[in-house]
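Peer 1: One line per chain: the protein sequences are A and B, in this order.
The numbers in the working numbering rise by one with no breaks, and the one at position 157 of the first sequence is 157.
The numbers in the working numbering rise by one with no breaks, and the one at position 272 of the second sequence is 1272.
Think of the hints as simulated: they come from the structure by calculation, not from any bench.
Don't take each hint at face value.
Unchecked claim - Sample of chain B residues lacking proximity to chain A, with all beta carbon distances greater than 10 Å (derived):
id: 1; residue: Ile1109
id: 2; residue: Phe1114
id: 3; residue: His1131
id: 4; residue: Ala1213
To be verified - Once the Cα atoms are required to be at most 25 Å apart in a straight line, the calculated SDA-like pairs of lysine to any residue come out as:
id: 5; chain 1: B; residue 1: Lys1112; chain 2: A; residue 2: Thr233
id: 6; chain 1: B; residue 1: Lys1112; chain 2: A; residue 2: Asn219
id: 7; chain 1: B; residue 1: Lys1088; chain 2: A; residue 2: Asn219
id: 8; chain 1: B; residue 1: Lys1088; chain 2: A; residue 2: Ala254
Just so it is clear, CB atoms sit at the ideal spot from N, CA and C, and this is done for glycine as well.
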Amino acid sequence: MFEGYWGSVAIFFGINVLMAFSLYFPMTAGLISLGQGGFMAIGAYASAVLTKSGMPFWIAVGIGGLLAALSGIVVGIPAIRIRGIYLIILTLGFGEIVRVFFLNFAFTGGASGIGGMAPYTNLAWVASACLLTSLVAWRHRYARMGRAMIAVHADEVAAQAMGVNVVRAKLTAFAVGAFIAGVAGAFYAHYTLFIDSAQFGFLRSADAFLFVVLGGIANPLGPIAGAAVVTLTPEIFRFLQDWRMTFFGALLIAVALWRPDGLVTAIRTRQ
Amino acid sequence: MLLQQLTNGLMLGGTYALVAIGYSLVFGVLRLIHLAHGEVFMVGAYIGLEVMLAFHVGPVVALAAAIVGTALLGIVLELILFRPIRRKGGSFLAPMVSSIGAGLILQEIFTKIFGAEQSEFPAGVGSDVYHIGPLLVSATQVFIMAIAILSMIVLHLFISRTRYGMAMRAVAENVEIASVLGINADAVIMLTFAVASGLAGIAGVLVGLAYTAVSPFMGINMAVKGLAIMLVGGLGSIYGAMAGGLLLGTVEVLCVAYAASSYRDAVAFGLMIIVLLVRPRGLFATGVAVER
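Please model the complete structure; the sequences and the hints are all you need to start from.
Peer 2: Below, the structure written as structure tokens:
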């Protein structure tokens, strides 16, 4: 049943769920990013180069994720001090810098991109990664680090006064999110079998942002629901052919107006 | 040679500044970012293009039409995307979602009408080249520079000398107190969107003249650069956006001339990171509370 068209929809849905979780973790610590596409690009390019040089797929996926996590820490360092709009625009800038970097990086094909990866990604890989991430996200709320992140989100000063290591919580949130985005990128690269820098631009980052804001972050079902809405709506509206982005845009506006605090339940970002 | 590059940079920077000022104006009154602003800029370019082609008029008429068209578009966007969420008291992320949606719609509509490819923009100003000392300046560049400077002067006078400008500053300072003092905040916010969008419309026509090409996707690049400039200048600071735009244009042109031209689109963010490290609130820190 999961072959052909619906199989492909299911895999893209899974990759989008991972992208949604990549922003869910930073958001639980109150960190908003509009640059998740950059982390995805790092995972995608790194894993593509590695598998093409003969490395087993699962190791390449892991290394792609770790490299993304490393850059997540680098981006996370300024995030210790800044927040809100500043952080949104800073991460947006990070995404653009990564895109321009890969556009010019001859080793990974530059503007002509990189292709010819083996089709390693299948539904089993993606589904298990999604399941594992959802489980972690669900348990995370009750774990020490998860509660620390939620406390940082609710009130940074109070959390610090209570002994929460704010720096560690924020950096962990960013690194975990970036790792997941890197893994999603690795899956993406070994499913589409061709990547270039244009695929990881602003719209990719905006997608991850939409999944999480539409779904809300009050519980881990939120990002899944958000990814489902964003991935499946254009597919359902496929009969509209060329106008489906317009309907999708109208849907975004409608949801934002109808439930400004998120689809699943109240998004906890108001202050 | 350096002087020539600086001149080119200031001309490019003028158009950046016009877009960035729009972000700052909207941020000033709403403390929000308007993610369809790049598409408003794109619409302005197409209005200019179509008016010049359809009526065989010069760029001045095209600019006037683009200002009116984009100002109206800005008002419509405010009424649809921002006002209802404000009334409901929704999260500050909701208007970002609705404006991303509006941006997608505008892109698709313009792709359908004009095609996804670039459309050629008529020259309009003429191809005279002037020699000013060692400088080589084309008539188009002079026109772009003149319009950009004129727009900024008019904006400055409007903000600082008129009742409406004063109302805008009052609302930017504090919405509640401005309302208590009898200012109709909703009307002022609408006016702010009209002014911000009109400036983006001007920038659209100027960029069309400069590059002689427009495309439905030209907004995204300008939008992300405009946001970077807003941070460089200081959130909500109009004069910061002007200075930041000119600075970015100059640095970008110097990067193309003396370093790697293919990295030009990353320059904005490199500049942003450097400025934020030295002055975390931007060149013209406004002291606006943005801690959310």
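Peer 1: Confirm or reject each hint.
Peer 2: Here is how each hint holds up against the structure:
Not every C-beta of chain A lies more than 10 Å from that of Ile1109/B, the closest at about 7 Å, which undercuts listing it as non-interface. The Cβ of Phe1114/B sits about 14 Å from the closest Cβ of chain A, beyond the 10 Å cut-off, so the non-interface label holds. No Cβ of chain A comes within 10 Å of the Cβ of His1131/B; the nearest lies about 35 Å off, and the non-interface call holds. No beta-carbon of chain A comes within 10 Å of the beta-carbon of Ala1213/B; the shortest separation is about 18 Å.
Our distance criterion of 25 Å between C-alpha atoms is met by Lys1112/B and Thr233/A, whose separation comes to about 20 Å. For the proposed pair Lys1112/B and Asn219/A, the alpha carbon gap of about 39 Å is over 25 Å, so the pair is violated. Taking the CA atoms of Lys1088/B and Asn219/A, the gap is about 23 Å. The hint holds against a cut of 25 Å. Distance check on the hinted pair: Lys1088/B and Ala254/A sit about 14 Å apart at the alpha-carbon level, within 25 Å; holds.
Of the hints listed earlier, those the structure fails to meet are numbers 1 and 6, in rising order.
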